[in-house]
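Number of protein chains: 4
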Amino acid sequence: MLKLNSHPSGRHFLQIPGPSTVPDRILRAMDYPTIDHRGPEFQSLGIKVLASIRKIFKTDNPVVIYPSSGTGAWEAALVNTLSAGDHVLMYETGHFATLWKKLADKLALNAELISGDWRHGVDAAKIEERLKADTAHQIKAVCVVHNETSTGATSDIASVRAAIDRAGHPALLLVDTISGLGSADYRHDEWGVDVTISGSQKGLMLPPGLGFNAISKKALEASKQATLPKAYWGWEEILAMNEKGFWPYTPATNLLYGLSEACDMLLEEGLDQVFKRHQRHGEAARRAVRAWGFEVLCQNPAEYSPVLTAIVMPEDGKGGRHNADAFRKVVLENFNMSLGQGLGKVTGWVFRIGHLGDFNDLTLLGSLAGIEAGLIKAGVPHQRGGVQAAIDYLAETAGR
Amino acid sequence: MLKLNSHPSGRHFLQIPGPSTVPDRILRAMDYPTIDHRGPEFQSLGIKVLASIRKIFKTDNPVVIYPSSGTGAWEAALVNTLSAGDHVLMYETGHFATLWKKLADKLALNAELISGDWRHGVDAAKIEERLKADTAHQIKAVCVVHNETSTGATSDIASVRAAIDRAGHPALLLVDTISGLGSADYRHDEWGVDVTISGSQKGLMLPPGLGFNAISKKALEASKQATLPKAYWGWEEILAMNEKGFWPYTPATNLLYGLSEACDMLLEEGLDQVFKRHQRHGEAARRAVRAWGFEVLCQNPAEYSPVLTAIVMPEDGKGGRHNADAFRKVVLENFNMSLGQGLGKVTGWVFRIGHLGDFNDLTLLGSLAGIEAGLIKAGVPHQRGGVQAAIDYLAETAGR
Amino acid sequence: MLKLNSHPSGRHFLQIPGPSTVPDRILRAMDYPTIDHRGPEFQSLGIKVLASIRKIFKTDNPVVIYPSSGTGAWEAALVNTLSAGDHVLMYETGHFATLWKKLADKLALNAELISGDWRHGVDAAKIEERLKADTAHQIKAVCVVHNETSTGATSDIASVRAAIDRAGHPALLLVDTISGLGSADYRHDEWGVDVTISGSQKGLMLPPGLGFNAISKKALEASKQATLPKAYWGWEEILAMNEKGFWPYTPATNLLYGLSEACDMLLEEGLDQVFKRHQRHGEAARRAVRAWGFEVLCQNPAEYSPVLTAIVMPEDGKGGRHNADAFRKVVLENFNMSLGQGLGKVTGWVFRIGHLGDFNDLTLLGSLAGIEAGLIKAGVPHQRGGVQAAIDYLAETAGR
Amino acid sequence: MLKLNSHPSGRHFLQIPGPSTVPDRILRAMDYPTIDHRGPEFQSLGIKVLASIRKIFKTDNPVVIYPSSGTGAWEAALVNTLSAGDHVLMYETGHFATLWKKLADKLALNAELISGDWRHGVDAAKIEERLKADTAHQIKAVCVVHNETSTGATSDIASVRAAIDRAGHPALLLVDTISGLGSADYRHDEWGVDVTISGSQKGLMLPPGLGFNAISKKALEASKQATLPKAYWGWEEILAMNEKGFWPYTPATNLLYGLSEACDMLLEEGLDQVFKRHQRHGEAARRAVRAWGFEVLCQNPAEYSPVLTAIVMPEDGKGGRHNADAFRKVVLENFNMSLGQGLGKVTGWVFRIGHLGDFNDLTLLGSLAGIEAGLIKAGVPHQRGGVQAAIDYLAETAGR
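First to last, the protein sequences are chains X, Y, F and A. The opening residue of the first sequence carries number 182 in my numbering; numbering runs sequentially from there. The opening residue of the second sequence carries number 182 in my numbering; numbering runs sequentially from there. The opening residue of the third sequence carries number 182 in my numbering; numbering runs sequentially from there. The opening residue of the fourth sequence carries number 182 in my numbering; numbering runs sequentially from there.
Don't read these hints as lab results, they were simulated from the structure. Keep in mind the model is a prediction, meaning the values are calculated, not measured. Honestly, I wouldn't trust all of these hints.
What the hints assert, rightly or not - Which residues of chain F face chain Y? A partial, calculated answer using Cβ under 7 Å:
| # | residue |
| --- | --- |
| 1 | Lys287 |
| 2 | Leu288 |
| 3 | Glu371 |
| 4 | Pro388 |
Where is the CB? At the ideal position from N, CA and C, for every residue including glycine.
Generate the whole structure from the sequences, applying the supplied hints.
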């Protein structure tokens, strides 16, 4: 029997920005016996889940569900809509945008990355400018990350849509909201997104193992011309089978049980309330960060992520910063909490706290208290009172 | 489908002093299929569980396990050892001692209650004095509560044993450690206890449904003369069947799966470490209470319970105290945490926080933060900084 | 980690007549976190469960739920309604009726047992005769078993009621339907039963750990005069607390989750359909038994139990019968199925098959096939074709 | 709450040849909280699982685990080892071999299919002949299915290896044992397979959602030259991360918990015993089929699958055969069992019974009895005694 928690007592605080803590209700749903994926009971499940997930993406268009990670869903979006050598315009919001660019490179696409400082979301004006310059319409797709999990900055997707429109450019708009869906407001149809990519293990509160593509009519049209080789990821066959609630290959049955339950939970609470809840927790977390005298990595308040907060470690007086990973290790070993590491360019001097998944005011306060206790234990200089600031804010806004 | 959590997101903080939060590991163990309680696999379970539970009680004598609540185990201890009209000496440590006295009354025993102030444990000198006065040895049993769940005061059982011995009195010593077992140090054999009563839903971290009697040789002898009618609770038949790992009637199979796992968890961690962990959490809780400017109900530091802390609400300036139950309601509705109510004599002006079960530093800090936020939200005057005091103490003592 | 199934693959066939196989739906319900038994969410559960269970007993009167085995519920029925030395009339339908008599003896009641042959249900005429002879109305209660788990014979409770009425006798009617409830038709109110005793681990498909008393107005009146000592089992305090959905002591929370689910399942299917389903399985089992050339222990077809079938082992040609327990061991070790042993007077020459719990046509056919294979393996002479007879009957009656 | 079983009572018999019934032990393991896929506890899990799975494939070489279905693992094997336009030689053992060929076509490979009759495994002589004719070594890979799930015929992989060797041909050998692994003997290293493809939902007894590639040194070398675009499926990055127990993207954490448990179960029982158990069940199933007077689809006894049996429906006297799908519907609706449909060329006149997963003698006998009852109910002419034949065989071979 594998031991999954080396701490003798108490639940682990999984405060990375995903995988998020899975609610008991979802774990129990996933624990039901596996059924025949070609039978009538599965069919009811399939039809139900395919309808529910559209509501989460706010779309009337189809959403394809893969047995895959979010990375698979990235690949799916590209191979279905593009051909070898196609030019795609990407935007360096942080580590994940950069990884997506590398993935495009591997697929033999010609990916161009507008550089960014990892502390802001997308500047739509830069996209507009680039598209206007592309008079030959070489650029086939614009790819942006809605909620950059490495930095805690969101991007204004409506503004990107408007920029493309102002440029009068026919490029597809592909958006990654792997860590945003179900936590931050997202509107596939209203924002005119062509393919939205997401995954199960963040705001949907499921274990990892499902990837999603929400697909506009324009994207579907494009897929008929796209020539990158595709089989597993091919939309066509999946969409045909999905019509009747089935899949062309064996879907991840038990994760679909969980997805059904997750959609029910989010829709029962109401998406607006879900988003408000995340925003309130984000604000409480940031108040704690400021009270400690620390900096939030994201520099534009309008772009603060409601899903996670990336925190800059204080200077160490020797020209550098206190080490974020040493600090995280102290927290994990002493206080049974996992915090997110700094990734890519911010490795070592940034850590992240996820405020998503099965989470509430006291989980947040326990998490912030664990950070404050960890700062003391690790000898990281800080001002006291971070948790107090969060308590005050949550008390003041309770019930709202 | 029953909805068991009216809050849309996040785990409920069950911070009553029992039932305590059941660890996932135990819930999963209990989820195994029910088996034949007369078959060889059950027999292995029975033998294993009956051996393990002795280690938890620190006894080489038998421990009887009932499908019952702790109240049933109280009754079992009395009906097995006493006869109608027998005089028993009890001690008013708080609400549960009083309830046990009422139960003795219902069973037609002649129960005498040494009065107490609900803010201390047992004063062994009073027991000694009373026993010395009983030169005719009318008193057949001394009944005390080890960890009084209504007040958060423990009693020094070794001192009670010494008092009985000094009095040279043959009375049996019956001890309730329903909420102490598995959280506070307890030594059935070393302390010369004749019957120890406990239950599953506190330090053993199981759902309610099991009651225990640990039985000394002297108690077993006494049971052969005792004439109170007994069938379900009768030790004799159970002990005979237990020899081979079975029970005379159908035992609570799935709770026994959980008990097996609970004993494994406690013994893997080591009982000394388990007790140290609870003491540290108790101290952190009390530091928060004092920082808020509140009083701990228990007045003798040597008797502070490591299991729970009962807290006196502040004065309301109108000759009374702020209402504890109104406060608890605010906390439940706004912060998804259950706190223990004041019981009996302290109803309305005391609330209790349990620091037991599946619990760790961050659960405690989240709980204390929920109390502090609740005090703000409910408008209960207090000094700020309770959580901060707990953070400081836990950081300072982390890893010890 | 305890190994609960020594067989490497496949589900154990738990075909004893209880504990029965618990449906996944109930196991999952029981796996939810334990909650505050004094809080509002528990209250909703309590109110719901107390209402649902009345429908299962077919009563408008209260049903008390104990954390106990069925044996505890036997004791509860007696101590609430009777006084020391009271004369009670019992009926020897089999092993469990005999055990109940022994329990009454231990409680200092004066229990008289009308003898029976263990192959029939209650002969109401004998009860009528005995009551008529009791002109002084010394007999305070008539105690009968509805579904005798040791023999597979049911008793006609309505006829017992009629017998008491014809005798014009004021005795209470106490009925044990521990293994009948939820599987065989039972009508607490219509049949004029005063106390019905049941348990969780049979037709309610729960793990063991809950006992029940359904209580008529007359029984409630009687309880006010009854003087046997009672505390844990005392109806009065429980009924008072139950008014608001609570219990005087900690109830078995997680088993109540399961009970809520179990009642939902039975009521969703419809009790009439549930009973029909059990009858059909009983008939199929008996057809197999007859095809093997074996005898069903119960000799009156009108009294065949729909819950279990007790089977007489064939003669061994040496004046005895083939050993049932040796046979059961062969089945357990070779075919991973637990069968019920012969109890009391029929030990060694009778075995029992339970057809209750989470059970369907193929579970029954697999069980019967396991018996037939076991007969071959154990070298017990029999005619072939038992399973075939059951297949034929189930095919013929499928969908009815 | 989704209702996953429209039958009111009893477990569904999931007797399709995968997804197979998941043992409770595995479902419970998967029910543990999701953890940080970058933390030390996950790392231990990763290292353990990657070591265990090699033993199941009988290889000392690496095995890559994807969050995907088996179809994804097919794609992975091809895109890692081949370049656009590469010639691959496949063998039409049945429906799945044909689907794999279609997948190769979609990936722009030049796939040649040696035709087969869907009633036999691979004829290695035909492969040898074809390879010998390929003197220019245009053929880059030979792709065969080890256990053809659509027909119940296995192929002798060692003979294919020998054929390739005799032809002195450098082609890679790619083998699909999606439904064979963990049920039928398989030896990646000994048989000289270059890539073995498998999935989680068959002999590994997990829910669907994991795909596998076991990779020989030669395949790894080939992957460095192969130019088909690959990102998600790319071995290189995964193998590099796997070195330390991690994955480049978020792995399907909870399915990996299940995989850990599944490997433990198989290795505890011993693979040889596991294979023997499946063979015995296959033989019992075939004896039933023959007793009914039906034909097993697979015509070569040496190639009978131990995993499933495909059964040919009897002639209907009108030049056709009784409809297999109408029959399966009768069985599902009346007897709560899912049987596998005939796929591709054998649609409508073949059905399949899976004898894998969490399965034992009585599950098999219940399943066969459900088929026999279904034949009666559906009016499909047959000889009686199929179940009897299986009972006789299982009794005779019990304990072996």
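Right, here's what the structure says about each hint:
no.	hint	in the structure
1	Lys287	4 Å, holds
2	Leu288	5 Å, holds
3	Glu371	29 Å, violated
4	Pro388	4 Å, holds
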